[in-house]
Amino acid sequence: MDFLQPTSWSEALDLRAERPDALPIAGGTDVMVELNFDRRRPGALLDLGRVPELSEWEADDGVVRLGAGVPYARVIDQLGAQLPGLAMAARTVGSPQIRMRGTVGGNLGSASPAGDAHPPLLAAGAVVEVASAARGSRDIPAADFYTGVKRNALEPDELIAAVRVPAATGPQQFSKIGTRNAMVIAVSAFACALHPDRRAVGTGIGSAAPTPRRAADAEAFLAGELQSAGLWESRAELPETLARAFGERVAAAASPIDDVRGSAAYRRHSLSVMARRAVTWAWSDLREAA
Amino acid sequence: MSTEATTTPTTTTTTHGRIGDSALRPDGTLKVTGEFAYASDLWHDEMVWGVTLRSPHPHARIRRIDITDALTVPGVTAVLTADDVPGENAFGLEHADQPVLASEFVRYEGEPVALVAADHPETARRAAKRIQVDYEVLPAVTDARRAMDPDAPAVHRPGNLVRHLKLRRGEQSPAAPVVVSLDFEVGMQDQAFLGPESGLAVPAEDGGVDLYVATQWLHVDQRQICLALGMPPEKVRLVLAGVGGAFGGREDLSVHVHACLLALRTGKPVKMSYGREESFYGHVHRHPAYLTYEFGAERDGRLVYGRTSVVLDGGAYASSTAAVVGNAGTLGLGPYRFPSVSVDVYGVFTNNPPCGAMRGFGCVQAAFAHEALMDELADAVGIDRVAIRQLNGMREGDLNITGQVIDSAAPVGELLQIVADLPLPPPSDPSDIRALPGAVGNTTHGEGVVRGVGYAVTYKNVGFSEGFDDYATARVRLEMTGGEAVATVHTASAEVGQGLITVEQQICRTELGVERVVVHPKDTSVGSGGSTSASRQTYMTGGAVKAACEAVRTAVLDRAAGVLGRPAGELRLDGEKIAGASGEVLTGLAEVLGDDAVEETVEWRHRPTHAIDPETGQGDAHVQFAFSAHRAVVDVDVELGLVKVVALDTAQDVGKAINPDAVVGQIHGGSAQGMGLALMEEIVVTDGHVRNPSFTDYLIPTILDMPPMQVKVLEYADPHAPYGVRGVGEPPTISSGPAVAAAVRAATGRALRRVPIRPEHITGT
Amino acid sequence: MRVTTTVNGTEHEVDDVWEGESLLYVLRERMGLPGAKNACEQGECGSCTVYLDGEPVCACLVAAGQANGREVTTVEGLAHGGELHPVQEAFVECGAVQCGFCTPGLVVAAHDLLARVPRPSDLEIREALAGNLCRCTGYEKILDAVRLAADRQAAR
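Just so you know, the sequences run in chain order A, B and C. Position one of the first sequence corresponds to residue 0 (numbering that gives the first Met the number 0), numbered consecutively onward. Position one of the second sequence corresponds to residue 0 (numbering that gives the first Met the number 0), numbered consecutively onward. Position one of the third sequence corresponds to residue 0 (numbering that gives the first Met the number 0), numbered consecutively onward.
So here's chain A without its partners, still in its complex pose (with noise of 0.2 Å):
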């Protein structure tokens, strides 16, 4: 194995081309339990951890621009105001060391139906943005970049460069089940934003498909029946009939399985138990801040 350690941006993605054995690693919160377990033996490690365009997040524009390599910890203490539901995720990611490490980017690369960070950055309608050395880089719509159990649309010789996200124009929630208080893998998990600005509802489901999707019929059931009921303007109460017909749909958008985390049936029924609370929650936000 060979432990290839690029200082910029533009050595990781020759690297990169040159090394299709190669696994990148950032804060190594995947790679090295794939490492310790015996699970994987690739040709070299590609550690992008010293990769300093990696590391920096800024916002332009309404958009913040995630390094790949920025760390949860940071997302949490720096971006609660502009990413509430990504930051809101990142809180129930791990531990705090595993924090301290993890990155949104990793779990891109890894995408795991199980990530925390993919349910908020589907509702936010967050876009992935990789790079090669070959091409040059070029934009993936979150929602277009999980393509299977653990697969995503980065091509062999590719790498996240960053992830762009929205910044909040209105209320945003996240809730992931775990069948312990702390420090566990989501048997489910719903991300939701509200987008008073362009009167349009977001969602994000985790762990509960083969990928993390968007609940797209929910997303425009909820903004119709806010349209033709005058909600977006008047900001009254969010009917709890409407509430519920919502995460309803939310449920119907998962396609769960049996696993020893959980039963499909249970993921299905705490999605909609997950999205009505969280919507309702977001509505009030919503009202309180009018």
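These are computed hints drawn from the structure, not numbers from a lab. All C-beta atoms in this analysis are idealised placements derived from N, C-alpha and C, irrespective of residue type, glycine included. Be a bit skeptical, because a hint or two may be false.
[Claimed, not checked] Listed next, the stretches of chain B that the computed footprint assigns to chain A, with coverage defined by at least 3 CB atoms under 8 Å from CB atoms of chain A:
#1 637-645
#2 691-701
#3 748-761
Chains B and C: place on chain A using the hints.
Below, chains B and C alone, put in the same frame as chain A:
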């Protein structure tokens, strides 16, 4: 770095503390600075690493093993299979039925098949993957309830029954106006000690081997290793390395024989240390249980009869299944008075992971069933759940279900009253999600949250039962060193974190009046201390140390009597002074001892226990009984099925608290393990395959899962035990889980007849 | 490969490191610093918590090469001149140590918490230490120890 093996440092201290004081542990400083040498920390010059190749199948015949490829890997120093076991290829706590390395059959997933030693663990792992094993996969029996079916595949000859305990007492066709019954199921719990199985075997010049290992019982290990190596005990010397928790999971062998085999073959020190995944395959677990219980009672709630049928899944090898069956039978109806009883407990072989000792040992499974059923009975007769237990609770002088007299305190009613009277926690603050079910998962801001309260009470035997020759050995030496009296206490009794070394020091200080007590490293150069299990060490090794101190004191006073020309009976030893009957100082210890040391070794036994009758289960099976009660308060998000335990309060009779803080520490930790089984801990096994061998998916409680605990300790001395002590470690693990389960049932109104309770059990989805 | 890391103020240079090794392995098996513990090697227990450039991390999840040229502080580096750090002292005094396998990680995590939040609430302590599993104590005396250490540090 030293060129010698790093081994556990001799633990010593000048900290004060006699019986009844909360003396600090002598190894505390080493543990907070990272200097304490655990088994996995050991290191030796020229050391190589050993790894184990394990079976991927729950049941298979081994047709052929080809190690040729593995031997070609550079850096590999040995590859061993069953053919390389020089002695008997068998070990086991009660029956030597488990191969050191599988030869003809593998009987569970994870069974050791071959060993590799190499200069780096990665080299050894790569080589192990190049060992080719040709398996013929066989049908497996993986449902314990089907294990005794005539057509079930036999795990061993002649059949799959390990032990059937049959207990009959009183009227066998009893009638009662109120009858309640239930079926209950308990999942497979793991000890999940944090320090993985590890050891360092060092080949010795005499052709023998020195093994530094984390274990619970050095001498029972030594016996089994000798058998497998074909060596006498003097050639196989064991030293206890630092133990990172045990809880029953280190009573059976893990790396022991393997490391010795590799060391003897390579001529080099061999270190073996399991990773967490391997640890799940590397030790026995708590038996999963299928329990059917029925209680009959008068209309006023007084019990008339108890009838149970229990199947315990012993997995592929016997381990301590027979003894666990013994407990699940003889203690399986809880601390209640039953005029008539019919109990059948079956321990069976399956092709699941072997199960054996874990804290609570057969009583844990039973308690979930009998406590759930007591709640049913309370509801059926319309009385309070505490009152029903108090009405039927054992008292001193009662007979238990094996006809044994409970001949010391049995404060069932009082323990329950204490926990019932403790203040209840205030409602949780919904503005801080960390205090709510789901915590930072942000699943509720108070929606769906219902509070529930549950009670449970239990009793547990202390020490080894059913006629086992249970003893402990202690050697105590007293001498003057640097002008100061120093006692050295030497036992082979394992310190696994519970604080035995502190207790040994406290007893020496109390009995000999010295301040400075050195605890000799635990090893096999002194006689057996028995197992660090069954809540027995303070009682047993404590008893042995006390007796050895008394022998030392007698010897010193005999000497002093000679020097002083006075009868020894008139003399007292008080620290460094020899005093007369009225306390006048006659001479000093220094004068009496000079440069000599007085050393005495005592083998100490508790009063005998007896086998139970095979047809009736009657007999004085146990030495001592320990009682505890818990009250759990939970908040349940009934819509999502998530639980937050908000209080877990307990009362326990400990006879005499030798070290009150350590007693409370045992109760805290034991309670946490019981709660874990109630709510989250389970090794999920499907068709003989473990599906969650990691800390990602085998969940144990975090600090955010544990509530504050109020602990009340009673000290009703047991007149039969040294200082009146009663074993402490296990009862909390037995009564906490059923109390938590009861609280969740109270909050949800659901029957919840299986633990761990999963969210989907609560939501019904 | 060669890895050079400053650990507890002393530079350690080790050779022939296999690229798949973790910082934890290098500390324990190559640098003679077994204080950080190997309980799960998957970041689920916190027993191997060390400071990497001042941040508490799981040493098992840091690739050895990632620690090259960095500064590491382990539990062995917290006591000075034979004097225990107040957190260590409090763990001993409060009975927060039983088997002690989780202790080095908890001591580092608690040390970090009190450096950031001198007087944490109980819920803050619980959230901050939720990445450190303990199987012996049920955590009650660990909470006691952190509270005591906070009091002592405040009194200084």
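Now the hints, each set against the structure:
1. Remark: the segment 637-645 of chain B is confirmed as covered by chain A, as 5 of its residues place a Cβ nearer than 8 Å to a Cβ of that chain, reaching the required three.
2. Check on the segment 691-701 of chain B: 7 of its residues sit with their Cβ under 8 Å from a Cβ of chain A, so the three-residue criterion for coverage holds.
3. As drawn, the segment 748-761 of chain B meets chain A at 3 residues by the rule of a beta-carbon pair under 8 Å; at three or more, the given contact holds.
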